[in-house]
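Chains as they are written, first to last, in our numbering: chain A, 4 to 375; chain B, 5 to 250; chain C, 8 to 300.
These are calculated hints, taken from the structure and not from any lab test.
Accuracy of the hints is not assured; some may be wrong.
[To be verified] Covered by chain C, according to a simulated footprint, are these stretches of chain A (three or more residues, beta-carbon under 8 Å):
id	segment
1	110-124
2	130-137
3	258-271
[What the hints assert, rightly or not] Computed list of chain B residues with no C-beta within reach of chain A, every gap over 12 Å:
id	residue
4	HIS15
5	VAL29
6	GLU32
7	LYS71
8	GLU102
9	GLY220
All figures in this text were calculated on a predicted structure; none of them were measured in a lab.
Don't be surprised by glycine CBs; every beta carbon is placed ideally from N, CA and C.
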Amino acid sequence: MKGGASRARLAAGARWSALAVLVAAALLFPVVFPDPVLTNYGVFTLIFVTAASAWNVFSGFSGYISLGQAVFFGSGAYAVGIAARDWQVSGVAVFALLPLAALVGAAIAVPFGLVALRVRRHTFIVVTIAVFFIFQLMAFNFSFTGGSSGLPAPFLSWQAASYNNPFYYIALASAIGIIAVAWLIRRARFGLQLRAIRDDEDRARGLGVRAMRVKLAAFTVSAAATGLVGGLWFLYLTQVEPQSGFDPLFDLSIVLMAFLGGLGTIAGPVLGALIIEPGQLYLTIRFTNGYYGEILLGAIFLAVVLFMPRGIIPTAGEWIRRLTTRGRSALPVGAPQAPGPVPRGPEGPRRRPGAEDPPPEASEAPAREARQ
Amino acid sequence: MSVLLRTEGVHKSYGGVQALDACTVQIEEGEVAGLIGPNGSGKTTLFNVITGYAKADAGEVYLSGRKITNTAPDKVFALGIGRTFQLTRIFPSLTVMENMLVPCRSTRAADRKRAMEQLEFVGIAGYHAAPAGSLSYGQRKLLELAYVLVADPAIILLDEPAGGVNLSLVNNIADRIRELNAAGKTFLIVEHNMEFVMGLCDQVTVLDSGTVVAAGPPDVVRTDRRVLDAYLGEDIVDDADPGEGA
Amino acid sequence: MATQIYQAIVDGILVGGVYALMAVGLTLIFGVLDIINIAQGILVVLGAYLSYSLSVQLHIGLFLGLLITVPAMFVLGVAIQVAFIRPLRGQERTAMTLLVTYAVALIIEGVLYRVYGPDDRELSASYVTSSVHVLGFYLPYIYLLGFGLAVVLVVALYLLLYRTRFGRSVRATMQDRTAARLVGIDTSRVAALTFGVGVGVTAVGGMMFGATNGGFNPNSGYDLISRLLAIIILGGLGSIGGALVASVFMLTVVSLVDVWSPNWANAVFYAALVLVLVIRPTGFLGRQAVRAE
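Assemble the whole structure, with the sequences as input and the hints as a guide.
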């Protein structure tokens, strides 16, 4: 199988180099395009790359669709705002509050998850929506959150020309961080358990998977990352209000992004965010009326779901596979051409790959074929 | 021979249907036990109660003398009871190897090696990298058997292992069970295929309407009047030859 | 104080009836098609706008106008189901139907903004603002009519589901789609028609909402859908009777809390949902989660 092994290595090498190029390009973006208008796009896009990837870590892997990520986003924003105000933090030091935002997100996720993850999937979605509205209402009603006027962020007296850049790089770091985490999870036993839960939770439970713990852990990781970028977003926009910090469109957008790119894949949410967020920003700027923007967004949703239901990456992957396997025999990918030595199963060597059962040993009545 | 698994007076009803009625079953360590009965007699329900997928309304379940009634499925599994399902349940979007790794403690090389051995044992090792959803029905049954085995349970509950597969695969499965039994594993098998049960099992229990109507070695049970009644209905002619299977 | 409370309870029950009208369509669609129709909120608003146009432009009375809006929205519902929901397949069907219905909601909302603008509208008629005075309580006519309508509708739906052949097909599809197909039921048709019925019923809810909410605009859909979702979860997904009970219960609670603190009335809604789910994950009258997800 030398051909196959070296081909696989080549593919892996190509993937890593492509990744390195991408990261380098991202790092150099503000240098090559210093225009604040463009780096503004960069900041928002990277924030959404992080948020969509974070959503994917939980919802994509476990199959539990959450429409409540805005809870963590807004809480992170408010946490930074409240801390900055109460602890009199100003200047560059505000960035040190970002880990606090992540922590707040994680802390909220625990009770949230303990309640929400006990119910079945459909109910779970609605519970996340309900909790979202509870948080939005709390932000409106409590005084320490500034009520309906929200909170301002401490002013940063930086140069206008390069103002965006620190935000950009922090957002980039978060994005790389959560993508790395997602990758590690997928390779680890943790990721396997999550995906097993997605396929058949009860069966997974019956095989020793501690479903609640696994789901809660993923939920918390997802929340921490989302909270972090929520805090960053707040510092960037220098303000947060109940309806902007807790915005239903936020959740819909990240779900769409993950969907467009490919649910459950790692590159999927990244790709989706890279495509959609700049588009959304552009629409907001162009059509300040907002109505066309909504109609267009809805239409794009529909188009994506109807025509590319599995997302770009799985669909593209399938096309590639179809192209590269033209004319080959239909063997499962990676399977050896002949069955390996079978120490205990006497039918093994006689078994042709692809055939389900060996010919009957004794000449009894013709084998009764029972198919699915 | 000590008793490995025992249920005592288990009651379970769903709405108005009494699925299990004072069900008392006893499995000895190291034997291959069969559980038969007409459709609706409660066989799968009993499995569900034993493995924690259903809560018993009353009665107890004992494993090696220890009460395990109403224990959650993951803990039942950890205690050493493995189980397959009537309609095979595998993880379709995971590869065959990944399916095997779910019940394992880790995904390290040692576990992969053990998983591979089990796959080879049931004969589907060639598919280890294929998505489990692409397997045929018979292959899925083998996969389910394999991943139940990889966790090295003491007792294995098989729900219709021979259902819906052709003859040679049935023999294959029977051989696997014999080999594992020779290595010390206990089995409790629900089956409708009488040849399979009678040829394989040391001891057979017959359920009808949720309660045990007969228990004993296959030859004794197959000629028991109550068993025939259960399968064929009441009032059969006295000295009818029971014949092969039901 | 006591009269305030009693009035609040009465108000709650009456408003609950209105919400029941809106929630019934949603739970029916979920029960049969296994879809959470996020567009339900904006469809209610659409119904309100349709009644508004009929009333203001064509001077057709609110209740009379229903004879037009209900069939119109029924057709719309069928169209949506056939065009956007039926083609969905695959493992991620839940997420997909969610996105699709949300997309439809966005489009409808955008269109409403274009056509009607963002300002508040209101449905008015002579009987909307007057009430009958019974035992010291004020019972607005519109609410009484609405409540009566809700009861009539629920009864009609029950009759449809339990006494007609179509209803049997619907219930069969609800329980086991494959089995229903095997006995010759055209489940695609059942799905489309049921969605249509769910949306058609919403036209009535829309009219009532428009008349009783004290003003509505295209943005009203968000708050509505979240409340409706909470209601049908509480009542048990798929249970029509449950939707009625949950509506009345929840709106009564909200009404009572409103007496004490208007700010928190809304939040109580969701908090109650969370609380109930902690205790009983299938809602008041919900069936066990027997359906494989």
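Comparing the hints with the structure gives:
no.	hint	result
1	110-124	holds (count 5)
2	130-137	holds (count 6)
3	258-271	holds (count 4)
4	HIS15	holds, 23 Å
5	VAL29	holds, 20 Å
6	GLU32	holds, 24 Å
7	LYS71	holds, 20 Å
8	GLU102	violated, 6 Å
9	GLY220	holds, 29 Å
In the structure shown, a violation is registered for the earlier hint numbered 8 alone.
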